[in-house]
Amino acid sequence: MTSHRDAPLGVFDSGLGGLTVVRALRERCPAEDIVYLGDTARVPYGTRSPETVVRYALGCARVLIGRGVKAIVVACNTVSAVAIDMLRVELDLPVLGVILPGARAGVAASRGATIGVLGTAGTIASGAYPRAVASLSTRTEVAGQAAPLLVSLAEEGWVEGEVPRLVARRYLEPLIGAGARSVVLGCTHFPLLRAAIEAEAASLAGGPLPIVDSASATAEDVASFLAERGLAASRTAPGGLALLVTDLPKSFAAVATRFLGEPVVADGAGRSPAAPAAAPAALSAASPGAEKGGAGRSATQGVDVEQIDL
Numbered sequence: 001m002t003s004h005r006d007a008p009l010g011v012f013d014s015g016l017g018g019l020t021v022v023r024a025l026r027e028r029c030p031a032e033d034i035v036y037l038g039d040t041a042r043v044p045y046g047t048r049s050p051e052t053v054v055r056y057a058l059g060c061a062r063v064l065i066g067r068g069v070k071a072i073v074v075a076c077n078t079v080s081a082v083a084i085d086m087l088r089v090e091l092d093l094p095v096l097g098v099i100l101p102g103a104r105a106g107v108a109a110s111r112g113a114t115i116g117v118l119g120t121a122g123t124i125a126s127g128a129y130p131r132a133v134a135s136l137s138t139r140t141e142v143a144g145q146a147a148p149l150l151v152s153l154a155e156e157g158w159v160e161g162e163v164p165r166l167v168a169r170r171y172l173e174p175l176i177g178a179g180a181r182s183v184v185l186g187c188t189h190f191p192l193l194r195a196a197i198e199a200e201a202a203s204l205a206g207g208p209l210p211i212v213d214s215a216s217a218t219a220e221d222v223a224s225f226l227a228e229r230g231l232a233a234s235r236t237a238p239g240g241l242a243l244l245v246t247d248l249p250k251s252f253a254a255v256a257t258r259f260l261g262e263p264v265v266a267d268g269a270g271r272s273p274a275a276p277a278a279a280p281a282a283l284s285a286a287s288p289g290a291e292k293g294g295a296g297r298s299a300t301q302g303v304d305v306e307q308i309d310l
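Per full-length UniProt numbering: the sequence shown = residues 1 to 310.
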């Protein structure tokens, strides 16, 4: 019988981007089992109406609840910006987002100077980052820039070379022109493009500029929350990882390997319904020696991807 504190964490995003949060969580909270859902059938969320984003987010959250999770991490800036309040009202478990951790880290890095935020159109239009920053520092200005092409580049795994640098530069120019002296990666896809963003930001600013990764900041917040609430896993061995997608598992697996930094495969999972719930013990043992993780693949074989219907 799995105790509540040893139940898995649920994490979801519109596609691949939330895997940057998963990777950060596995580094910061290595004992936690994690169930990740990427809604690859409906990516991107950033161009959808707020009403549609809320509907999609509730559907994803209910799948994770069906998998027995103890808390949900919304690893999507768009959902965190427009739907997290509704999720907290509708769901009877803790829901954590990525906006406030990213804003907090941005304020610390900016030291009072203007913060630049790169995000999806939905995140920027919502004004979520300016509100979050204002709640932390009344003297810090925020300049936002929608960067939809960066999402596409990350989803396709096109993260190196001249093209991502040119695209990053185009989006960074108005931020640096507005006086930004730090840049928050306000989309969980963007850490994969960090090298290109960092290089072009430094070129435009005439020197190194702090780049704030909301994935790392979110992992720190989640670790603190679990410890404070007595929800941190009791095990000492590495936790397991289950990956769920709503479409294109093979394409997901190919790019997810780069996001996670560990092998991901899609040759063992067929389609399965979102319910009934899978027991936490059914998680793949993505790390050697994972206890309570069940008889999944070894680290050398890779984490398997399961396709589900919403």
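Since the hints were derived computationally from the structure, they do not count as laboratory data. On a predicted model such as this, the values are computed, not experimentally measured, just so you know. Be a bit skeptical, because a hint or two may be false.
For each label pair, taking beta carbons as the anchor points, the in silico distance ranges come out as [as the list claims (entries may be wrong)]:
hint, residue 1, residue 2, range
1, 47, 170, 17 to 25 Å
2, 121, 89, 24 to 32 Å
3, 173, 236, 17 to 25 Å
4, 108, 250, 21 to 29 Å
5, 250, 55, 26 to 34 Å
6, 157, 199, 41 to 49 Å
7, 236, 136, 29 to 37 Å
8, 125, 28, 17 to 25 Å
Quick reminder that beta carbons are idealized off the backbone N, C-alpha and C, glycines included.
Okay, the hints, checked on the actual structure:
no., hint, verdict
1, 47 - 170: 17 to 25 Å, "holds (18 Å)"
2, 121 - 89: 24 to 32 Å, "holds (25 Å)"
3, 173 - 236: 17 to 25 Å, "violated (48 Å)"
4, 108 - 250: 21 to 29 Å, "violated (40 Å)"
5, 250 - 55: 26 to 34 Å, "holds (27 Å)"
6, 157 - 199: 41 to 49 Å, "violated (19 Å)"
7, 236 - 136: 29 to 37 Å, "holds (35 Å)"
8, 125 - 28: 17 to 25 Å, "violated (31 Å)"
Checked against the numbered hints given earlier, this structure breaks hints 3, 4, 6 and 8; the rest are met.
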